[in-house]
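Engineer: The chain contents come next:
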Amino acid sequence: MTAVALLDFASVIVFAMTGALVASRAQLDIVGFAFIACLTAVGGGTLRDLLLGRDPVFWVGQPAYILLACAAALVVFFTAHLVESRYRLLLWLDSIALAVAVTAGVGVAMELGHNEVIVVLMGICTGCFGGLMRDVVCNEVPLLLKQGEIYATAAFAGASSAVIASFLALPDIAVLLICAGATWVLRAGSMIWGWSLPVYKARPPKN
Amino acid sequence: MTAVALLDFASVIVFAMTGALVASRAQLDIVGFAFIACLTAVGGGTLRDLLLGRDPVFWVGQPAYILLACAAALVVFFTAHLVESRYRLLLWLDSIALAVAVTAGVGVAMELGHNEVIVVLMGICTGCFGGLMRDVVCNEVPLLLKQGEIYATAAFAGASSAVIASFLALPDIAVLLICAGATWVLRAGSMIWGWSLPVYKARPPKN
Amino acid sequence: MTAVALLDFASVIVFAMTGALVASRAQLDIVGFAFIACLTAVGGGTLRDLLLGRDPVFWVGQPAYILLACAAALVVFFTAHLVESRYRLLLWLDSIALAVAVTAGVGVAMELGHNEVIVVLMGICTGCFGGLMRDVVCNEVPLLLKQGEIYATAAFAGASSAVIASFLALPDIAVLLICAGATWVLRAGSMIWGWSLPVYKARPPKN
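Residue numbers (UniProt numbering), protein chains in the order written: chain Y, 1 to 207; chain R, 1 to 207; chain Z, 1 to 207.
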């Protein structure tokens, strides 16, 4: 198995758990857990594959991805009540899944020989769209849009650092590690220490 | 015309009517009715065709699908006010469309020779995503996420029963009938008698 | 560069600005601006290309589209506070982007030799889905669904007039100009003079 397939597997499992945690907030039944888990787990990678014209989409030829996502949903369904703060767990798992999925997107786009802009975009797509679909469908405020936190920014910075590392001719495995590390450190730093970029502030309305 | 094309036509018409009924709740004009009707009618099948790499997407080569969806929207626009409870009609039409569309998804995936996991998933995708897009765009609570009802579960059970029937080497037409029947009976039973699976319950918060 | 590529560029820039304006209403940071701008800018054309099986999707082979969208987002991030009414600006830019994108969709579908129904649908898809994704993701009421305004109707009428102009064997450039003109005049007329089609009215509930 290639490093990229491994990353896809890892991001599927962790994103599936975040999907199941959101399903627990919506008090769905076990099939609903599996549905939201699968949507979250494969959403970003599916979009990446459709955009890049990869045929078949990664999980269509490999049912193992879906079975793993369902297994993760099952585990969450029966154990989530043991967790003190499901929302905090959701945030942390999501940060890990983000880092891994950005890296998977970057890896696939690099393997296919795409240029730097597309590599960065595929990292962002793969990382952000699974969680975005989860939040839109379940009517949660998308983590992506939370003020005072960085999310897309972390994905962007991670994917960009991979492009730079690749430009410096670092070995592939180092490129992928740098990408995942940079994404996760920025997102985690934002959650712990409130790292953020300045947000847009409108003028106060005139009276 | 194949049995699967017939199922696609039937699900397009019935889903279009549900889309138009949701449009009537949002008080749109006639083009808005047609837009939401088409989105609902072809949404699930379009996702299925994109995921399976079917080219062209089923309605792109066959404008009749779209014209039928628009005709259904027109009929609803001029007659919906005659109905006592539009919401109840919406629920029942949606249950029929779900059953037919799950079966169309299963049929296409089987024809293309996909494995059991993909067959079940395509049934669920084709059945659930049209209605899900309709509800997300129109800002209704997705039927899929309603507590105390089965929806994705009915689609899952119907598609799974088709896989079992196919494993038992039943004739194709019986496989499709079992799929539609199982899906619809479960969904209808849920609406009439409140059949449901246990939902996730969080621990009560500690104080 | 073909007329259609030019239209794609123009719609990308203007839609990107509307996306950035919506991002300013959500008070996102600069990367969030770029993210929503890109989603809005290429959303409709991406759907069109996936549906028509164009490979690669228009911006995947041409990073310039994405860079332009990001540049537009940047400009809006630093200058939007100078504008008296950002919402009014958003509406007007959106009307221009709608007209241009409908025309780009119509042009691509005609170039590929599709029939009239698909030409009209691709015009509507390309014109409406970028803005729809923007509004759904940012939890705004989709402009498409605003009562008492025409939006999908303008797209439909513009695309239809292009089909008629093409049937009359007008030169390509005239067909495209008629399409953009008809769409924009109808949408602008709706915003200024309140042009609209009659909306669906339910019977008053019986008491």
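Hint data in this document are derived by calculation from the structure and do not stem from the laboratory. Honestly, I wouldn't trust all of these hints.
Same chains, same names: a pair is fine if it fits in one copy or spans any two.
What the hints assert, rightly or not - No farther apart than 25 Å at their CA atoms in a straight line, the calculated lysine to any residue pairs in the SDA-like style are these:
id	residue 1	residue 2
1	LYS146	TYR87
2	LYS146	ILE173
3	LYS146	GLY181
4	LYS201	VAL141
5	LYS201	LEU6
6	LYS201	PHE58
7	LYS146	GLY189
8	LYS146	ALA26
9	LYS146	ARG86
10	LYS146	TRP195
11	LYS201	GLU149
12	LYS146	SER196
13	LYS146	ALA157
14	LYS201	LEU177
15	LYS146	TRP92
16	LYS201	ALA26
17	LYS201	GLU111
18	LYS146	GLN27
19	LYS146	ARG25
20	LYS146	VAL136
21	LYS201	CYS138
22	LYS201	SER190
23	LYS146	ASP135
24	LYS201	PRO142
25	LYS201	GLU140
26	LYS201	ARG88
Engineer: Hint by hint, say whether it matches the structure.
Structural biologist: Outcome of the hint check:
1. LYS146 - TYR87: both (14 Å within a copy, 21 Å between copies)
2. LYS146 - ILE173: neither (32 Å within a copy, 45 Å between copies)
3. LYS146 - GLY181: For LYS146 and GLY181, the Cα distance is within 25 Å only inside one copy (22 Å; across copies 39 Å).
4. LYS201 - VAL141: both (20 Å within a copy, 22 Å between copies)
5. LYS201 - LEU6: neither (42 Å within a copy, 33 Å between copies)
6. LYS201 - PHE58: neither (41 Å within a copy, 34 Å between copies)
7. LYS146 - GLY189: Within one copy only: 15 Å inside, 36 Å across.
8. LYS146 - ALA26: Intra 20 Å, inter 9 Å, cutoff 25 Å: intra and inter.
9. LYS146 - ARG86: Both. Shortest intra-copy (18 Å) and inter-copy (21 Å) distances satisfy the 25 Å Cα cut-off.
10. LYS146 - TRP195: Intra 13 Å, inter 37 Å, cutoff 25 Å: intra-copy only.
11. LYS201 - GLU149: The answer is within: 15 Å in one copy meets 25 Å, while 30 Å across copies does not.
12. LYS146 - SER196: Answer is within; shortest intra-copy Cα gap is 11 Å, inter-copy 35 Å.
13. LYS146 - ALA157: Intra 18 Å, inter 37 Å, cutoff 25 Å: intra-copy only.
14. LYS201 - LEU177: neither (35 Å within a copy, 38 Å between copies)
15. LYS146 - TRP92: within (15 Å within a copy, 27 Å between copies)
16. LYS201 - ALA26: between (33 Å within a copy, 10 Å between copies)
17. LYS201 - GLU111: Close neither inside one copy (40 Å) nor across copies (44 Å); limit 25 Å.
18. LYS146 - GLN27: both (23 Å within a copy, 9 Å between copies)
19. LYS146 - ARG25: Both: 18 Å inside a copy, 13 Å across copies.
20. LYS146 - VAL136: both (13 Å within a copy, 15 Å between copies)
21. LYS201 - CYS138: between (29 Å within a copy, 17 Å between copies)
22. LYS201 - SER190: This pair counts as within: shortest intra-copy Cα distance 20 Å, inter-copy 31 Å.
23. LYS146 - ASP135: both (12 Å within a copy, 16 Å between copies)
24. LYS201 - PRO142: both (20 Å within a copy, 23 Å between copies)
25. LYS201 - GLU140: Both: 24 Å inside a chain and 19 Å across chains, each within 25 Å.
26. LYS201 - ARG88: The answer is between: 18 Å across copies meets 25 Å, while 28 Å in one copy does not.
Violated hints, in rising order: 2, 5, 6, 14, 17; the structure is consistent with all others.
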